[in-house]
Amino acid sequence: MSMPDRLTITIDGVPLSVAPGTTVAAAVMIAGKFCRNSVTGERRGPLCGMGICFECRMSINGLPHSRTCQVLCENGMEVRTDA
Amino acid sequence: MSTSTYDVLIVGAGIVGAACADACAREGMRVAVVDGDIVGGGTTAAGMGHIVVMDDSEAQFALTRYSQRLWQELRPELPDDVEYEQCGTIWVSADEEQMSEVRRKQAYYTSRGVPVQILDPSDLERLEPNLRKGMAGGLLVPEDGVLYPPCAARFLLERAQSRGVRTFIGRPVVRMGNGMVRLIDGEQFSAGVLVNAAGSLAPALTPGTDVKKRKGHLVITDRYPGFLRHQLVELGYLKSAHSLTSDSVAFNVQPRRTGQILIGSSRQYGADHKEVDTEIMVRMLRRAEEYMPGLAKLSAIRTWTGFRAATPDKVPLIGPWPEDKTLFLATGHEGLGITTSLGTARLLVDQIVGREPEIAAEPYLPSRVGKEHVHA
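The listed protein sequences correspond, in order, to chains A and B.
For the first sequence, the working numbering gives the first residue as 1, with consecutive numbering after it.
For the second sequence, the working numbering gives the first residue as 1, with consecutive numbering after it.
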């Protein structure tokens, strides 16, 4: 089976083209965005990159608090920061 | 070492001890509170903080209803971090058989002046869209609420301190009785009245107190605002709470102000170790998932256990201990100590000063246990 050359996801409604195998956390960094704001209003982004620190949580296809460093991008995926 | 003297000395700085200290101080008594650990660090910290009217027995109803009214009166004074929310309880009925229990409960509450509303399946779906479809209905009790117990205990104790109550925290007690309390470090206190409010540890200080540890597990999720709006309890809950021998689980979930969801509940006798029991926690979560399938996708961030102070008849022990005329008990609140702490404190103070209480004190007297020592 051949892999598609590129995938398209949306981040806060804005389309982004990424290579297959890209994690959602990496895609958000490519887009130059932060993942979320902490409860005290600080901006947060990926830290450990291995699913331990929970800093990179975002909403993926409507499910909040998804650890985006552990999820690979799929075509049509809807990602929301700060959710 | 010298001996300090008080009118009332309370052992236990959980929510019951804190409420008793506050109520005694209001009467102008000289009060001290002693606890071997931290304020509200035992069963108080482990519970959900459901402020709920229960109808397991007339005695349980009277004390929970009286206490809920006291919480509502206190509400304007509660600091924000107590997180008091009058979210209401919905008793969820899974099938037609349980709907007859809904109707019985409705008649019971209504005849005693507690507002309730029967919900049909569409009401239930509108109020709690994440419940599994196809439930038979439920009973909404809108005046029930939730709070954050450790902060409530701290508030009550601080208010007591502002009225002159002395506190000795982190000072384990080795002995109490005959008007004396002795700490592990050798310090002694004397008092006209001693109150054992040590929760599930009460029998260690007052042998013969018929209180057993009943272990429970809770799980808390990350923040999912709007996922859950009321405290939801399955109607089979009483069956679970009643069982005196076997381990049991029941669907019981609570929305916190943060959007987090507390997931319970489990009951175990004879499990005296604090560690999480994976088998029963899995059973508890499966039960919750049966009622709310969407819970399975949420992220749980912490789980813990605690010990309820359970009596054989599910009614707390409030009043004089027959074998020591200086000693009063305020323990045995099982899973209702957060709710009933305020009513307990009033009953205790009324008995100490010899005043007629607002609700009958007899059902809660420790002397009842010796009289009819029956384990159903």
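Rather than coming from a laboratory, the hints here were simulated on the basis of the structure.
Every residue gets a Cβ at the ideal spot worked out from N, C-alpha and C, and that includes glycine.
Careful, some of the hints might be misleading.
[Unchecked claim] Heads up, simulated SDA-like pairs for lysine to any residue below, C-alpha to C-alpha not over 25 Å straight-line: (1) 33/A / 223/B; (2) 297/B / 6/A; (3) 133/B / 276/B; (4) 133/B / 48/A; (5) 274/B / 327/B; (6) 297/B / 26/A; (7) 297/B / 32/A; (8) 213/B / 72/A; (9) 297/B / 77/A; (10) 33/A / 14/A; (11) 314/B / 14/A; (12) 133/B / 325/B; (13) 314/B / 61/A; (14) 297/B / 76/A; (15) 297/B / 4/A; (16) 297/B / 5/A; (17) 213/B / 183/B; (18) 212/B / 327/B; (19) 105/B / 236/B; (20) 325/B / 27/B.
[Stated by the list, open to error] Per label pair, the in silico range of CB-to-CB distance: (21) 134/B / 39/A: 35 to 41 Å; (22) 53/A / 113/B: 47 to 53 Å; (23) 39/A / 283/B: 30 to 36 Å; (24) 163/B / 62/A: 50 to 56 Å; (25) 10/A / 274/B: 29 to 35 Å; (26) 53/A / 274/B: 45 to 51 Å; (27) 304/B / 62/A: 50 to 56 Å; (28) 204/B / 53/A: 56 to 62 Å; (29) 96/B / 62/A: 32 to 38 Å; (30) 162/B / 39/A: 54 to 60 Å; (31) 37/A / 324/B: 54 to 60 Å; (32) 38/A / 38/B: 25 to 31 Å; (33) 73/B / 39/A: 48 to 54 Å.
[Claimed, not checked] Far from chain A, by Cβ distances over 12 Å, these chain B residues were calculated: (34) 70; (35) 136; (36) 289; (37) 294; (38) 327; (39) 365.
Here is how each hint holds up against the structure:
no.	hint	in the structure
1	33/A / 223/B	holds, 22 Å
2	297/B / 6/A	violated, 29 Å
3	133/B / 276/B	violated, 31 Å
4	133/B / 48/A	violated, 40 Å
5	274/B / 327/B	violated, 30 Å
6	297/B / 26/A	holds, 23 Å
7	297/B / 32/A	violated, 28 Å
8	213/B / 72/A	violated, 47 Å
9	297/B / 77/A	holds, 17 Å
10	33/A / 14/A	holds, 12 Å
11	314/B / 14/A	violated, 58 Å
12	133/B / 325/B	violated, 57 Å
13	314/B / 61/A	violated, 46 Å
14	297/B / 76/A	holds, 20 Å
15	297/B / 4/A	violated, 29 Å
16	297/B / 5/A	violated, 31 Å
17	213/B / 183/B	holds, 23 Å
18	212/B / 327/B	holds, 20 Å
19	105/B / 236/B	holds, 13 Å
20	325/B / 27/B	holds, 20 Å
21	134/B / 39/A: 35 to 41 Å	holds, 36 Å
22	53/A / 113/B: 47 to 53 Å	holds, 52 Å
23	39/A / 283/B: 30 to 36 Å	holds, 32 Å
24	163/B / 62/A: 50 to 56 Å	holds, 52 Å
25	10/A / 274/B: 29 to 35 Å	violated, 46 Å
26	53/A / 274/B: 45 to 51 Å	violated, 27 Å
27	304/B / 62/A: 50 to 56 Å	violated, 29 Å
28	204/B / 53/A: 56 to 62 Å	violated, 42 Å
29	96/B / 62/A: 32 to 38 Å	holds, 34 Å
30	162/B / 39/A: 54 to 60 Å	violated, 30 Å
31	37/A / 324/B: 54 to 60 Å	holds, 58 Å
32	38/A / 38/B: 25 to 31 Å	holds, 27 Å
33	73/B / 39/A: 48 to 54 Å	violated, 31 Å
34	70	holds, 32 Å
35	136	holds, 29 Å
36	289	holds, 16 Å
37	294	violated, 10 Å
38	327	holds, 46 Å
39	365	holds, 47 Å
Taken one by one, the earlier hints fail for this structure at numbers 2, 3, 4, 5, 7, 8, 11, 12, 13, 15, 16, 25, 26, 27, 28, 30, 33 and 37, listed in ascending order.
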